[in-house]
Amino acid sequence: MDFNIIPSVCSYCGCGCGVLFQVLDGRLIDTLPMKTHPVNEGKLCIKGWSLHEHVVSDKRLKSPMIRKNGELQECTWDEAIQTAADKFKSIIRDHGPDSIGVLASAKITNEENYLVQKFARAVIGTNNVDHCARL
Amino acid sequence: MQEQVREWLEQGKVDIFLGYKNIQGHPLPYCYTKDNLDETGNLIVGKARYSLEKMATKIAAEHPELKIGLLVRDCNQRALNVLYIWNQLRPDNIETMSVNCCPSKLKEHGDCSYLEPEKAAPLKMMIGIDNNMDVETAEEFSQEDRYKRWMYEFQKCLKCYGCRDICPVCFCKECSLEHKDLIATGSVPPEVPIFHLVRAVHMGGRCIDCGLCEDACPVDISLRLLYRKVNDIVSDVFDYNTGTSADQSPFNMLGEEVKLEPKPI
Numbered sequence: 034m035d036f037n038i039i040p041s042v043c044s045y046c047g048c049g050c051g052v053l054f055q056v057l058d059g060r061l062i063d064t065l066p067m068k069t070h071p072v073n074e075g076k077l078c079i080k081g082w083s084l085h086e087h088v089v090s091d092k093r094l095k096s097p098m099i100r101k102n103g104e105l106q107e108c109t110w111d112e113a114i115q116t117a118a119d120k121f122k123s124i125i126r127d128h129g130p131d132s133i134g135v136l137a138s139a140k141i142t143n144e145e146n147y148l149v150q151k152f153a154r155a156v157i158g159t160n161n162v163d164h165c166a167r168l
Numbered sequence: 008m009q010e011q012v013r014e015w016l017e018q019g020k021v022d023i024f025l026g027y028k029n030i031q032g033h034p035l036p037y038c039y040t041k042d043n044l045d046e047t048g049n050l051i052v053g054k055a056r057y058s059l060e061k062m063a064t065k066i067a068a069e070h071p072e073l074k075i076g077l078l079v080r081d082c083n084q085r086a087l088n089v090l091y092i093w094n095q096l097r098p099d100n101i102e103t104m105s106v107n108c109c110p111s112k113l114k115e116h117g118d119c120s121y122l123e124p125e126k127a128a129p130l131k132m133m134i135g136i137d138n139n140m141d142v143e144t145a146e147e148f149s150q151e152d153r154y155k156r157w158m159y160e161f162q163k164c165l166k167c168y169g170c171r172d173i174c175p176v177c178f179c180k181e182c183s184l185e186h187k188d189l190i191a192t193g194s195v196p197p198e199v200p201i202f203h204l205v206r207a208v209h210m211g212g213r214c215i216d217c218g219l220c221e222d223a224c225p226v227d228i229s230l231r232l233l234y235r236k237v238n239d240i241v242s243d244v245f246d247y248n249t250g251t252s253a254d255q256s257p258f259n260m261l262g263e264e265v266k267l268e269p270k271p272i
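Residue numbers (the numbering used here), protein chains in the order written: chain A, 34 to 168; chain B, 8 to 272.
Chain A on its own, in the form it takes in the complex (with noise of 0.2 angstroms):
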């Protein structure tokens, strides 16, 4: 038996409510909003109380997947960047770096959207970004 209650931060908006995940035998079950934090004084809306769902959801991917022949196929993660790299080159090279859009997102850090912007910006060369919690 090992419970243990995990203090940490929502990862969705920009707010960063305080949640506290309950980790049972090494399974996320549940979620808690954290009563002393300074943002959220134990409040929480939906989509903070369902954090633990995505993390233990049946339908997470748990590799990459590449579509071959009409059907999606596991494959490595080489594999996989190797897949996306040529076909970005290939769509810039046709049809311009502006025919690229990408998308950032509110669930990682600040500085790895900092790399996502300088990844659109200085690697193919687009001013399209932008984010998911634009909602």
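Keep in mind that the hints were calculated from the coordinates and are not lab data. Possibly wrong hints are sitting among the right ones.
No more than 20 angstroms apart at the CA atoms, straight line, and that leaves these computed lysine to aspartate or glutamate pairs for EDC-like [stated by the list, open to error]: (1) B:Lys28 - A:Glu74; (2) A:Lys80 - B:Asp99; (3) B:Lys155 - B:Glu181; (4) B:Lys74 - A:Glu74.
Covered, in the sense of this in silico footprint (three residues per stretch, anywhere, with C-beta under 8 angstroms from a C-beta of chain A), are these stretches of chain B [stated by the list, open to error]: (5) 66 to 75; (6) 217 to 224; (7) 234 to 245.
One-sided and incomplete, this derived list gives chain B residues near chain A with beta-carbon spacing under 8 angstroms [as the list claims (entries may be wrong)]: (8) Trp15; (9) Gln18; (10) Asp22; (11) Asn29; (12) Ile30; (13) Pro34; (14) Leu35; (15) Gly48; (16) Ile51; (17) Ala55; (18) Tyr57; (19) Met62; (20) Cys108.
Glycine is no exception: its CB is placed at the ideal position from the N, C-alpha and C atoms.
Using the hints, position chain B against chain A.
Relative to chain A, chain B alone:
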């Protein structure tokens, strides 16, 4: 208190003990085990209340034989009584350590400072229901006024399900609030007032007036007052005071006979 818990763990009176520990400056629930007895020196009571009994219910569902120790305030004890009645926890496997309760009208001195609702703002006083009201005062409004005021409260709902998720006595696998035949799903605000009234009805004979739902409500709906009213009816009609004892609830229909008997007039 810390030594007592250490003793309990050493002697095997309990396998785990749910209490609080100061982590990164926050009093957070913590599971003390016999594998790390020195940790018991960090046990604190903690001013913030969490539903330790709900955690115990989840642990017991996976490990039915585990003996669980628990730090309990009055509200936790009432919740435990209800959970015993509804077979979510076995009294034999639960060991409680009572600590001082939250300040309230019933108890003047208490340690918990996160219970009393804040003073309501002028708009809420004018057109809504003040969280600090008691049932009698809330009933003094005319029927029409009262209806408008409650509807004002309900339509603020974000449908976060926080009231249900934090509730120590909400344990059903299938929840009526998510049943599409009972309540229209997929829209915000939820179907008012049905959403809140369905929950209120289900709180009859269950709600132990701990106030965690109101604490967790992002839009300050006066849930505690609503459920208090529902339980007043249960108390008037069936002479049953929820959570005060481990006696069967009048709503417990399982068993040889159905005992939905009103109290003699």
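**Asked** Are there hints from earlier that the structure breaks, and if so, what are their numbers?
**Response** 2, 3, 4, 7, 8, 9, 11, 15, 16, 20
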